[in-house]
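A.B. asks: What follows is each chain in one-letter form.
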Amino acid sequence: MTELRIDSLSKDFGTFRALDSVSLDIPNGKFVCLLGPSGCGKTTLLRLIAGLETPTDGRVYVGGADQTEVPTHKRGMGMVFQSLALFPHLDVADNIAYPLAIRGVDKATRRARAEELLELVQLPGLGSRRIHQLSGGQRQRVAIARGLSINPQVFLLDEPLSALDASLREHMQIELRQIQQRLGVTTVVVTHDQKEALTMADLVIVMKDGVIQQAGAPMELYHTPANAFVAGFIGTTNLMPCTVADGVVSVLGHAFPITEGDRIAITSGEAQLSVRPEHVLLGAPDEGLPAEVSFLRDLGESLHVLMRVGDQEITAHLAPGHGHDLVTGQTVGIRFRDGEKVVVQ
Amino acid sequence: MSATPVQTAAPRWLGLWPAAMLTLFFLVPFGIMLAVSVAHRDVSGFYEWSFEWDSYARFLSAFFGKVMAVSISVSLTAAAICVALAFPFTVFLSNMGHRAQTRILVVLLSALALSEVIIGFSLSTLLSQTAGIGNLFHWLGLIDEPRAYTPSLFALITGLCYIGFPFAVLVLYPPVSRLDPEIVEAARVMGASGPRAFFGVIVPNLRGAIVGAFILVFVFTLGSYLLPQLLGRSEHWTLSVHITDQAVYQSNLPFGAAMSVFLMLVALALVGLASLAGRERGAA
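For the record, the sequence lines run as chains X and S.
Residue numbers for the first sequence follow the numbering used here, so the first one is 1 and each next one is one higher.
Residue numbers for the second sequence follow the numbering used here, so the first one is 1 and each next one is one higher.
Next up, chain X with everything else stripped away, as it sits in the complex (with noise of 0.2 Å):
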């Protein structure tokens, strides 16, 4: 059985549509990304699914049960906001506990499941603590608890991880996965950072200009992208017009052939070719589309190599020990690595 389903579900703010018509299955059990640039629309399914929002058109059903009438208070959700939204006149544990309060829970169970809680975010002991004594790191877990604390059937993050520096936030995703795995709970998360959705998720929903672009398993997203925005939102990637036609795919003047596992969408007229840095190769000038080195930038793990053909721009990883004789202004010929040439819309 589905356990979340939105169905062609569309949101009008004035004259402006956030959301068009959007249809989605997640299944029992999934960790699921909305990922895309602000303004996407992504935050606004939530809010719908969340029913923050009243949907212009469309159905929200969990378990089977249309929710779209329920009012927000009804739906027994668990929902962690971009500002976390922690009560300053609470303690941490009343804090977490508050879904169960607002349920008649009693004092020493409430207490009790939010010990349990604390420990699963490992924080144990800090209940009796005021939220402005907690660290960043330290309201975000109590933020997640809270969220979880009524053991709901879906369980909502809008951004929950973006207040936080670098190194914490990758920490955090790693953990939030972890949490989500070991209790099952269906999990939508939103966030604009690719690296995240890739990091947590089972399923990642691809989103621009309030419509669906692509949904799938995150690899199956890099591998596959269904158009030229997916192929250039998941991962870094070189963008080219290309011409297809004949098995030969046309980009700046020179053909590559194409080869076994390429994904190619469109068999004939123009497209856009997306190749990635790593499967970008190097050699004499004559061996490819030659192109005129702009810019070295050795990161030690890698070097990536900046080269430009007229106003196409075009960026090679190069893995280490490669490409130390390389020098700015030299021509070099491109070629594409078998079977990693994606062309799309």
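Since the hints were made in silico from the structure, they are not lab data.
A quick note: this is a predicted structure, and the numbers were derived from the prediction, not measured.
Hints may contain errors.
Said to hold, decoys possible - Non-contacting residues of chain S with respect to chain X, defined by C-beta distances greater than 10 Å in every case (computed): (1) D54; (2) F63; (3) I81; (4) A100; (5) V106; (6) A186; (7) V201.
Unchecked claim - Taking beta-carbon pairs under 7 Å as the criterion, some of the chain X residues facing chain S (in silico): (8) A50; (9) A85; (10) Y98; (11) I102.
For every residue, glycine included, the Cβ atom is placed at its ideal position computed from N, Cα and C.
Dock chain S against the given chain X, drawing on the hints supplied.
C.D. replies: Frame of chain X, contents of chain S only:
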């Protein structure tokens, strides 16, 4: 360059400016008032410098005890009503569009520009028998005969609330508009109904602002002496009215000064208590 003390933006002597102003306009008049309150009343019209407790002794009577109680109850009631009306109003206001908020705040501010005299006479006309709402109610068939609603305690409290309401909103507005709207949404998602989220999350988080608005309106209405005479009966006359009466009409400056000192002490004590309560509950 050797290490030199960091120069603050303003020279240090500038700090004396507020102290000088405070001395000139508050401490000196207060000192004079204290001195006058222990002076000897000269029945011919003024006072002679001396040191006697007569004025204070006269104040410690059942009559003035009752006046004090009336003053404080009237101001407490007005403050409570103002805050009870202004708080939901401000929460509602802060959820409106930016333009609507600005317009409403401008209207409120312009109400502050009206003098107490205009407000008092307007209300006494509106509540009168011949030209007021009593006529309207009669015309609508709600009451049998046109009647006056002034002078009365109701009219007095209405007038004080009219004056106090904009102040309460202005004190409440900044903290209310700064309150994270996600806090309320969080409470809603976690199962709190609208009223429950309001009383369980919004009110406790703004306790300090509510106490502040309450104190401001209380102190402000405690000093009102015009409205009680215009809109209230003589038994609703507040201490401020009696102070004016003694100082201006009875030419008894020492007694007026003694009552003023007492009123000030009571007001200070109540403000202290209220802010203490606000702080303790806020940190608990």
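A.B. asks: Looking back at the hints listed earlier, which ones does the structure fail to meet?
C.D. replies: 6, 7
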